[in-house]
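Peer 1: Here is how the chains run, residue by residue.
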Amino acid sequence: MSDIDTIWLDLPASHKYLNALGASIAAVLERAKNLDDPATTSYNVQLAVHEICTNIVEHAYGGAAGGRVAVALTLAEAPQRLIVELRDTGEAFDPADAAEPDLDGVQIHGYGLFLARSLMDEVSYRREQDSNLWQLVKRL
Amino acid sequence: MDLAITEHTIRIVTAAPRQRIDAFSSPALRAQLDRLFDEGVYRFVLDLSAVPFLDSAGMAVLVSLLKRTRQVGGDVRLVWPAEEAARRILRLTKFDRVFTMAESAEAALSDF
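For the protein sequence lines, the chains are A and B, in the order given.
Okay, so the first sequence: first residue is 1 according to the working numbering, each after it adds one.
Okay, so the second sequence: first residue is 1 according to the working numbering, each after it adds one.
No wet-lab data here; the hints were simulated from the structure.
Each residue gets a CB set at the ideal place from its N, CA and C atoms; glycine is no exception.
One should not assume that every hint holds.
As the list claims (entries may be wrong) - As a list, the in silico EDC-like pairs of lysine to aspartate or glutamate whose alpha-carbon atoms are at most 16 Å apart: (1) K67/B with D34/B; (2) K16/A with E58/A; (3) K33/A with D5/A; (4) K94/B with E100/A; (5) K33/A with E77/A; (6) K67/B with D38/B; (7) K94/B with D104/A; (8) K94/B with D102/A; (9) K67/B with D104/A.
Said to hold, decoys possible - Now the stretches of chain A that chain B is said to cover, found in silico as 3 or more residues with beta-carbon under 8 Å: (10) 11-24; (11) 48-54; (12) 104-118.
Modelling step: build the complete structure from the supplied sequences, incorporating the hints.
Peer 2: Structure, rendered in structure tokens:
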């Protein structure tokens, strides 16, 4: 993997420009080779990343204005995969806040992280000094 | 013939969003649906056939309306999105078991 295959986005931490993130993911995936089901793969990755980003906006920054989300999209080879890293400087993520949804019941919240974990091959989180770093990987 | 005839009219509203339903757009959708609910509409067909993208914030709007309507004897029926990937998400989250699903708004209406 080289930096040349990484696209960097620096987004305001608001819901307003999440569509720009989705469009960028779609554009990068257009450069991937031999995808089995490009439309579904693109949709699923966009949704997974979108959910993490929404989480950052609402929970890490608590909806406050002025925060930023730095996103790195890397199309890596051998094996071909898309690596998405999201970094923010909001509050630390607390896994206790992210219980799995009860899929046999009806609930209003709790699907975001479940979707991200279900749709990606890897979802990891770590706190680095004053930053939150999420890494999502989709094998292509 | 001593015949008492009473006619009942049941309101059913079909709402068909034609854009992404995500964390940015869902507050506006929620406000419009809540306004209809407050006006006394308790039966909804939400036609998702032209919705290209649905996230968990959008799903929260659907569940929220479902809960409110069922509390007063109403219901929300969903029309499947045309987008196959969006259909898969509704299956993954088992929304297709919580909601009564239909292939078209007409089918959803006839089933009410």
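Peer 1: Hint by hint, note whether the structure agrees.
Peer 2: Results for each hint:
no. : hint              : verdict
1   : K67/B with D34/B  : holds (12 Å)
2   : K16/A with E58/A  : holds (13 Å)
3   : K33/A with D5/A   : holds (14 Å)
4   : K94/B with E100/A : holds (14 Å)
5   : K33/A with E77/A  : holds (10 Å)
6   : K67/B with D38/B  : holds (14 Å)
7   : K94/B with D104/A : holds (7 Å)
8   : K94/B with D102/A : holds (10 Å)
9   : K67/B with D104/A : holds (15 Å)
10  : 11-24             : holds (count 5)
11  : 48-54             : holds (count 3)
12  : 104-118           : holds (count 10)
Taken one by one, the earlier hints all hold for this structure without exception.
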